[in-house]
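Q: One-letter residues, chain by chain:
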Amino acid sequence: EAGVVQSPRYKIIEKKQPVAFWCNPISGHNTLYWYRQNLGQGPELLIRYENEEAVDDSQLPKDRFSAERLKGVDSTLKIQPAELGDSAVYLCASSFRTGVGGELFFGEGSRLTVL
Amino acid sequence: GNSVTQMEGPVTLSEEAFLTINCTYTATGYPSLFWYVQYPGEGLQLLLKATKADDKGSNKGFEATYRKETTSFHLEKGSVQVSDSAVYFCALNEYSGGGADGLTFGKGTHLIIQP
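Residue numbers (the working numbering), protein chains in the order written: chain B, 1 to 115; chain L, 1001 to 1115.
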């Protein structure tokens, strides 16, 4: 079974440029998460989807970040315009909607460097 | 809000040494607790979990016990190997009835095992 797939793995851009990251979750997983991991830190949740609905986007910087999951399957996270402080690894995870103790499955991440 | 505090690294041990990585948490309800591991160049993967007080999670020789009275979930292994070198993240997840919320992570502990 294929895991969570993310692309691109690496992206280098200049500040003020736009960037987009794509995630394809595990088949059948209705919950999708985007996390940001700064160097030396743990991942921090940006947004959580239940199917196509964003049920928790309280930590998403909405002035420059946007996300969509139009058909409730794959998802795109966009930054426009990028700032130096956006350099980080962007992680996508998915899970099957379940109760207590549900496991999240993570992709390998997209490493963004903003120059 | 929820938070996870884990011992800072790097932690450097010799092969076959005993390992403890401390983790304490703050949560409003009754969270599930997890240890995730990130090997070099790979994505986060679940190591073990516990969903209620006094539960013990175990996998690959690692163990952690959910201690509600001390709000702790310390990771232990009796004899570490070079292949255990990785970054370990303690995390919690609360179930809100609408599905599993996103994981709250600690900052991670970098473990280095020397032959």
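These aren't lab readings, by the way, just hints derived from the structure by calculation. Among the hints, a few may not be true.
Some residues of chain L that are not near chain B, with every Cβ distance over 12 Å (derived) [unchecked claim]:
| no. | residue |
| --- | --- |
| 1 | Q1038 |
| 2 | E1063 |
| 3 | G1078 |
| 4 | V1087 |
| 5 | L1103 |
| 6 | F1105 |
| 7 | K1107 |
Here are the simulated DSSO-like cross-link-like pairs (lysine-lysine), alpha carbons at most 27 Å apart as the crow flies [what the hints assert, rightly or not]:
| no. | chain 1 | residue 1 | chain 2 | residue 2 |
| --- | --- | --- | --- | --- |
| 8 | B | K71 | B | K15 |
| 9 | L | K1056 | L | K1068 |
| 10 | B | K78 | B | K16 |
| 11 | B | K62 | L | K1107 |
| 12 | B | K11 | L | K1056 |
| 13 | B | K78 | L | K1107 |
Reference listing, derived: stretches of chain B covered by chain L, where coverage requires no fewer than 3 residues with Cβ under 8 Å from a Cβ of chain L [what the hints assert, rightly or not]:
| no. | stretch |
| --- | --- |
| 14 | 41-52 |
| 15 | 63-70 |
All C-beta atoms in this analysis are idealised placements derived from N, C-alpha and C, irrespective of residue type, glycine included.
Q: A separate judgement is required for each hint: does it hold in the structure or not?
A: Now the hints, each set against the structure:
With a minimum CB-CB distance of about 9 Å to chain B, Q1038(L) fails to clear the 12 Å threshold, and the non-interface call is violated. At the 12 Å boundary, the C-beta of E1063(L) stays outside the reach of chain B, the nearest C-beta of that chain being 17 Å off. No beta-carbon of chain B is positioned within 12 Å of the beta-carbon of G1078(L); the least distance is around 25 Å. Residue-level check failed: V1087(L) sits 9 Å from the nearest beta carbon of chain B, not beyond 12 Å.
Interface exclusion of L1103(L) from chain B breaks down, the closest Cβ pair being 6 Å apart, not more than 12 Å. With a closest Cβ-Cβ approach of about 3 Å to chain B, F1105(L) is found to fall inside the 12 Å limit, against its non-interface label. Its beta-carbon lying about 5 Å from the closest one in chain B, K1107(L) breaks the requirement of being farther than 12 Å from that chain. Distance hint between K71(B) and K15(B) is unfulfilled; the C-alpha atoms sit about 31 Å from each other, more than 27 Å.
For the hint pairing K1056(L) with K1068(L), the CA-to-CA distance comes to about 12 Å; that is within 27 Å, so the pair holds. Note on K78(B) and K16(B): the hinted pairing holds, with a Cα-Cα distance of about 13 Å set against a maximum of 27 Å. Proposed proximity of K62(B) and K1107(L) is supported: the alpha carbons are some 24 Å apart, at most 27 Å. Proximity of K11(B) to K1056(L) is assessed by CA-CA distance (about 40 Å); at most 27 Å being required, the pair is judged violated.
Taking the CA atoms of K78(B) and K1107(L), the gap is about 25 Å. The hint holds against a cut of 27 Å. As drawn, the stretch 41-52 of chain B meets chain L at 7 residues by the rule of a beta-carbon pair under 8 Å; at three or more, the given contact holds. Note: the stretch 63-70 of chain B has 0 residues with beta-carbon separation from chain L under 8 Å; the three-residue rule is not met and the coverage is violated.
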